[in-house]
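Asks: Here are the chains, one letter per residue:
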Amino acid sequence: MPGRSPLHLAVALDGAGWHPAAWREADARPRELFSGRYWTELVQEAERGLLDFVTIEDSLAPQSTLLDGHDDRVDQVRGRLDAVLIAARVAPRTSRIGLVPSAVVTHTEPFHLSKAIATVDHASLGRAGFRPVVSAKAGDARHFGRRDVPVLERIDPADPRLLDLFEEAADYVEVVRRLWDSWEDDAEIRDADTGRFVDREKLHRIDFEGRWFSVRGPSITQRPPQGQPVVSVLAHITAAYRLAARSADVVHVTPFETNDVHRILSEVAGVPHVFGELVVFLDDVPGAAASRKERLDSLAGLEFTSDALVFTGTAGELADLLLGWREAGLSGFRLRPGAVPHDLEAITRALVPELQRRGAFRTEYEADTLRGLLGLPRPANRYAPA
Amino acid sequence: MTKPRKQVHLAVHFPGVNNTTVWSDPRSGSHIDFSSFEHLAKTAERAKFDFLFLAEGLRLREYAGQIHDLDVVGRPDTFTVLAALAAVTDRLGLAGTINSTFNEPYEVARQFASLDHLSDGRAAWNVVTSWDAFTGENFRRGGFLPAEQRYERAERFMRTAWELFDSWNGVEVLADKESGRFVSDPAAGAFAHRDDHFDIEGRFNVPTSPQGRPVIFQAGDSDGGREFAAATADAIFSRHGEFTAGQAFYADVKGRLAKYGRNHEDLLVLPAATFVLGDTDAEAQDVAAEVRRQQTSGPTAIRLLEEVWNRDLTGYDPDGPLPEVDPVAGENTVVKGRASVRQHRDPLAVAKQWRELAEAKSLSIRDLAIHVSGKQTFIGSPGTVAETINRAVQEDASDGVILVPHITPGGLDEFADKVVPLLQERGVFRTEYEGTTLRSHLGLRP
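Those sequence lines, one after another, are chains U and W. Heads up, the first sequence is in full-length UniProt numbering, so the first residue is 1 and it goes up one at a time. Heads up, the second sequence is in full-length UniProt numbering, so the first residue is 1 and it goes up one at a time.
Bound-form chain U, shown alone (with noise of 0.2 Å):
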């Protein structure tokens, strides 16, 4: 009965928000969008109104209102830090809230992510997560200097030389996911009659050999405290829709309306939790959101729209959207804030307690892992024996 099941709500934190206006609020700190305060800040907003988790967004490459390349504009943020260390910054200020950095997994090696996203697991008690990006951006590749990445005047769905770089960051998912499991739970045994601080029949290697790289393994890192730590993956094409379903814990779907939920739920079978994904204006007073997102679009000279549906209304509208999906049969949803602070508090101030007195979100938090937030188990170790 999916619309009995209770929400999830997790946050997509970026910049001073989604809007390329909102770092000129009032109420917007944009000089400190660089400092490890104002990270802890939002994650401890969003940790009292009991969302299950934040994301933080990262690129390669400085912000850019171009598909690919810099776009020289001065008038929006520009420049931002690694996602997975903004995580880990905050891991030890936050006591239940889950954390789920993007990463760029076309450039990057899988080892180091696998380690670093136990590392935040192990920081943060059990509470981390990654969403993998893929980037066919040529511009990224010059970065980096090792490879060539398609240049793409287009996002053409059926294109193989993209289907491939989702092919490649399934790969990269299975690496990453194989390397926790590296270790058994138990491997370290501090035998001191043997001498031995491990029993090496517990720690594994991975030996994965692929289409575009191989991985040994083990791992350095023991294995986190979630055994796997949560996997998301933002899908809006096909390609995308099949990395979640190989990869992914929690797949971010981009409705416009109800029958797309129809639609997309048949693509993305078999992934545990499809949340909704909506860039959200929230305000007490019917029609103040509208307003104040086109004060936002007359400042930045444009209007704001994206990939995903703009929500423009009070919490009780937003509840009412939300069940709606709900019914649908999303289980959760990833709502982007307009502008930081204002529309996460309103998220977490408004939103939450109207969905807490429908009845359909927590009043405290029942887990203290993000699997568990999630209602997904530990899951055993795949080089275990049975």
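Hints were generated in silico from the structure; no laboratory data involved. By construction, the Cβ of each residue, glycine as well, lies at the ideal position given by its N, Cα and C atoms. It is possible that some hints are incorrect.
What the hints assert, rightly or not - Distance windows between CB atoms, simulated: (1) R5(W) x D207(U): 55 to 65 Å; (2) D193(U) x G261(W): 52 to 62 Å; (3) A26(U) x D196(W): 44 to 54 Å; (4) H236(U) x G170(W): 31 to 41 Å.
Please arrange chain W on chain U, whose structure you already have, making use of the hints.
Replies: Coordinates of chain W only, in the frame set by chain U:
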């Protein structure tokens, strides 16, 4: 007027994955729980240390094709645990060892710049190199680098990273809500770098961090490594903790600075050092001897010999005499993933020397292994250890010390409580942090 006293710099190395670390001690805690890292970092910060240091190894060590199981195995990701430590400390420097072979400059530069932002200016980078195909098997690029090119790549890597750090010049972020200008310069972060190892261009995406660049450490000891350090590093992680060798090393590397237009104080010499404290010097010597026996168990002694003999010696009794067979000549195939293997240049001569030593002193395999492993750098009462460290600094054998405790995570507690106050009484160690950045703690120019 007395000559101004040099100030001592103190750092702590998180106990490593080698037999210095005594995991069998009942006080020995986790090597992966964040609470262990937090404990050590908070002890160091309470004692006003300059920084905490993390080593790195990117493949688990192997002996004879199997994972080496006698020492601590496993550790966290360097960047990530340092970023988490930034949340539970305010002033302590956070130094990470990061390999220049199995990373790329854009990624490492943005991770260090991010760490420096997230710690408000406390990041340091110990630049190391490796080349072996053994480690390369864990990476998509594999073991691509010829051994002789590793320092060259490290040097190019670091210079490339510097260009990325300098691609923002510290003034571009206006974040001026009124005018609507977030950055002053549309070309902020622009870079283009081309040499025989790296060919990259574009825009770096992290604005200037509090220190501008992380503090740079270098650990190489070869002539090339020393030259690299003299040209580029802020500090050397030295192996020469002993006084006389320390003075020679100190004079050597400081003497190389002038040709790069650098001053004496632009490069700090910080040797790694182990230590054992006791109420008296005699008691400390007894404890130190016991620690050395714990560090070198029978199986560990056999492994130490195997590093030289290059053959399976597991049939030998560690409490019996040394093997009569000779080492197997040629490339060491028994031990993988450990730097010290390369130090045994002439195994036959080493074996001969060890046999003679064992015979002369009636040493078993284990006794011999303990003997040749050497004593802890500092052994004594708090007063003795404080004076030994101070003398090394005042007489130019070092600028301080990177302490390597043998117990995790409490192995620094006693030093913090008993030795640090004595250095403070002598006026050679800070009683409060004066600045907020690591560069400031180390007296380096901004």
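Asks: Would you mind marking each hint as holding or not holding in the structure?
Replies: Here is what the structure says about each hint:
no.	hint	verdict
1	R5(W) x D207(U): 55 to 65 Å	holds, 58 Å
2	D193(U) x G261(W): 52 to 62 Å	holds, 59 Å
3	A26(U) x D196(W): 44 to 54 Å	holds, 52 Å
4	H236(U) x G170(W): 31 to 41 Å	holds, 38 Å
Of the hints listed earlier, there is not a single one the structure fails to meet.
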